[in-house]
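Engineer: Reconstruct the complex from the two isolated chains, following the hints.
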Amino acid sequence: MTDDDAMMSVDFITGFTIFLIVFIWVAAMVPGLFIGLKSHTVDYDAVAYRTSVILVEDPGAAGTSVTGPWEIQEDKRDIARFGLARSKETPNILDERKVNRFFCSTAFSYPDDYRPRVIFGDYQYRFNISLRETGEDRIWSVGDVLPAGYGYIRRDVKIRHGSHALINESIIKVRGYNNTEDVQGSEFVIQFDNKALLEGDVTNPAYQIDYRTDRIIINITDINVTRFDPYPVPGAEESKLAAIHFYQRPYAGTSLASWPPLKKYENFTFIDENSSATLLPPSFTVRNNVSLIFEPGFFATMDPTATMFINLTFELTPAKQHYFNNTRTAPFDYNYMASNVTQPYLKDAVLEVAVW
Amino acid sequence: MVNTGGQLYTIEGIAAGLILLVTAFIVVNSTSVYTPGDSHLNDMQLEVIGTDALVMMDIAPNSTAAKSPLQTIVETDDSPAFTTLFRDIANFKTGSLRDDIQFLATVNYVRPDGTINSTPLSSSSRSFTGTEHAVRVTKWVLVEKKFPDCSALSCQGKHAALVEVLLWRD
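In the order they appear, the protein sequences are chains A and B. Numbering follows the numbering used here, in which position 60 of the first sequence is assigned residue number 1442; successive positions increment by one, without gaps. Numbering follows the numbering used here, in which position 110 of the second sequence is assigned residue number 824; successive positions increment by one, without gaps.
Hint data in this document are derived by calculation from the structure and do not stem from the laboratory. Where hints are given, some of them may not hold.
[Unchecked claim] DSS-like mimics (lysine-lysine), calculated; alpha carbons at most 27 Å apart, straight line: (1) B/Lys860 x A/Lys1470; (2) B/Lys853 x A/Lys1577; (3) B/Lys860 x B/Lys781; (4) A/Lys1729 x B/Lys807; (5) B/Lys872 x B/Lys860; (6) A/Lys1458 x A/Lys1470; (7) B/Lys781 x A/Lys1577; (8) B/Lys872 x B/Lys807; (9) A/Lys1470 x A/Lys1729; (10) B/Lys872 x B/Lys853; (11) A/Lys1622 x A/Lys1555; (12) B/Lys781 x A/Lys1729; (13) B/Lys853 x B/Lys807; (14) B/Lys860 x A/Lys1729; (15) A/Lys1622 x B/Lys872; (16) A/Lys1470 x A/Lys1577; (17) B/Lys853 x B/Lys781.
Keep in mind it's a predicted model, so treat the numbers as computed, not measured.
Pulled out of the complex, with its shape left as it was, chain B reads as follows (with noise of 0.2 Å):
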């Protein structure tokens, strides 16, 4: 009788173990952990940028001065000064070049029967095509302003408008 001990004859086994040492590299080479490492910093920092720029533009320079630059615009519909003060405050730096950041800014409203009407305020010399990866920042700004769909007296008065800004790089 043929003695079977010192045999190596459990075939499946070895196909089972490099079955799983293929699943384990196919696993584990497809696997990645998402981290914040990439583009998710750049989004931040023209996040913080573009929320700094327009709560700076809501600060009025003293104490003299009634309404901040901002409600005057939205007030206004000054759109030649948003686009100097924003692209000045946002693309300002320390040293001798300036930043490029490009920009639209909307600023949304409640009209009276209850829906929410949207209207251009102000864009930087290159529109917004739609395929730009754009971060997205916002103000809420208390003005005294009667917005075109508002015909009746009801609509004078202050009102909460929400500026809107699309922020992206070139």
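Chain A on its own, in the form it takes in the complex (with noise of 0.2 Å):
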């Protein structure tokens, strides 16, 4: 009789061939089942629509050790998320500063500053975001040239502009800053009352006046129109802006406290008619305008409920003359008068996120 030990029967070897030749088929044929979830496509176009709400939904976000919203951070490591949004409550409408900030190509670097902040993920993703307003030709951008087949979204947005004072000669004139009694000094003396701003009529962030975040600018025009002969003549006279005074009043008080700014920040622009941007305090001479403009956060550690003065000092040579000031009048009064203040306005522009 044979002996069959260890031998293998073929019924066995036969089916055992074909189970593994469908299995091994069968395998190969699975990753095609999921050819669309490979799709570079299809993670690209999310990858950039997550990045444009962050971009238009979100404000963004300062470091946990820092104060104050990202656009006014100077160092970029205390920056933790980028967003353009106004505010939380105020999807899709941006805010100029932000923008400004947020394409600053001398303040971030592309890609390495952007990538953690706003685009995130593991993987390196390049990409290309650009910002246009309606009626502009200026084009905000960031990012590479577009390669092809890259994911994409483009979102309608608004960019919310901030406001500006401006005092020429007719505000002079109907207010009187032209006071033609024996002032002493020259004094000019704007106000901001924090509490009317912040909690008064316009509550939406969108149309606020938020001094504590805006860029503040206030241009005064046509100073001398305020003088009288003999010194209307170029050269004859002089006056110079010798200084210029922070106070507050508390609310529903009577005191005023002298208030200092940070540090960073106590140097502030100036722009003089014949010159460009120059700091102060140096004491300037005035030739016939002054722009005054004060940078995002300047005002950030005022008490929010308390009236803001800005005191601007003349000296005349000669002295006693009659000037710009409104000593025997009211201050000016930063508002939502729109005789008074150009209000913060909106302005349709489009979003473009393109990721690859």
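Structural biologist: Encoded structure:
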């Protein structure tokens, strides 16, 4: 009798071979089932959409070790997340200051500063983000040139532009800032009623004047109309903006207290008629116009319920001449009246995000 | 006696294996996982653009403007204004080339008897034939308007109206 120990049945070999072939074949077909999920386009589009949501609907965030919004942080390491929305309550309304900071090529470098703050993810995505206002030729942009096959999203937005005050000849005459009484010195006072600005009739962040985070611009023009003869001749007179002081008066209080700006802001910008931007406090000669520009964050430490006063002190030669002042009238109020202040306004724009 | 050891006589097994093979081939070959990789992306992009455009139209440009452009358009049935504004916002791009999104807008409101009426508001240059692959976006607006079938004084005051826009690309 034949000994079949250690012999393998042909049935078994055949069956096992067929099983193996089928198994390998089916396994080889499985990746094809998920060809759609493997598509890079799907991922890129999703990342582009996510990035647009972060930019358009989120105000961004600074690090936990600092105070204030991200756009006023000087050190980029203090910025945790970019976001261009004016506030959480106003999606699609971008803040002009955040836009300027975000697209500033000297402040941030592509792509290293952007990836961990707006793109996120482990994969090293490349991207291009661009923004343009309607009716404007200027395009804000950051990123690479677009290749073929990138993920894309477009968002319709509005850009919120800040307020500014213009004190010109008509306001000077109507409000009596060319006071003819014998004033001993020339002081001009601008006031911000913080409580009225932040808790008054305008509560929508899109339209609100928030002096703590807005850039505050005050343009004073036609100062020489306040002079009387014989001093309208150029060169025959001189006036200097000698000092600018800041005060605050508590809500429902009467006492004035001096308020010092943070050290990093103590030199703010002024623009004289014939010169480029310079920094105060050096005393400077006033020709006819003065612009004061306080960068976002300048008033960040101001009491939000107090009334704030900016006192401009002019030195005149010869002294005691009639000059620009509101000593005998009311301070100029930086408020929501269009006759006083050009109000914040919104303008249509489009944001495009491409990721690959 | 013939020894059956080592014989391949289970022909049924082979036949069953082949049937299994053919079945597996048919099943695997005819199955696909439906992903949002294709048309859904384009739909989503159109939907985002349309929704954004309507939201932007319903925001006043400054604090002194009492009403948004969309409220004014619905209240005055200003079809040309809607066409111009929506077309400009939805088709604007950062580059020099504009998009070419077509649209059809209607306003829906509740009649005094509780039924819903729909009135045409605006459309792009190419009319909607029904065969387009369109997406639908909507926006509720509060309007102070007396709608056509509203003759009683009780119809005065603010009403909620639904602006509905169909968008498609050629």
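Engineer: If a hint holds in the structure, say so; if it doesn't, say that too.
Structural biologist: Quick rundown of the hints versus the structure:
1. B/Lys860 x A/Lys1470: Judged against 27 Å, a Cα distance of about 35 Å means the pair is violated.
2. B/Lys853 x A/Lys1577: Distance of about 34 Å is beyond 27 Å: violated.
3. B/Lys860 x B/Lys781: Status holds; Cα separation ~17 Å.
4. A/Lys1729 x B/Lys807: Roughly 15 Å separates the two Cα atoms, so the pair holds.
5. B/Lys872 x B/Lys860: 9 Å, holds
6. A/Lys1458 x A/Lys1470: 22 Å, holds
7. B/Lys781 x A/Lys1577: 26 Å, holds
8. B/Lys872 x B/Lys807: Given that 27 Å is the threshold and the Cα spacing comes to 35 Å, the pair is violated.
9. A/Lys1470 x A/Lys1729: 19 Å, holds
10. B/Lys872 x B/Lys853: 16 Å, holds
11. A/Lys1622 x A/Lys1555: Holds - the C-alpha atoms of A/Lys1555 and A/Lys1622 are around 21 Å apart, at most 27 Å.
12. B/Lys781 x A/Lys1729: 16 Å, holds
13. B/Lys853 x B/Lys807: Roughly 23 Å between the alpha carbons, so the hint for B/Lys853 and B/Lys807 holds.
14. B/Lys860 x A/Lys1729: Violated: B/Lys860 and A/Lys1729 sit about 31 Å apart, past 27 Å.
15. A/Lys1622 x B/Lys872: Cα-Cα ~57 Å, so violated.
16. A/Lys1470 x A/Lys1577: 21 Å, holds
17. B/Lys853 x B/Lys781: Since the Cα atoms of B/Lys853 and B/Lys781 sit roughly 15 Å apart, the hinted pair holds (cutoff 27 Å).
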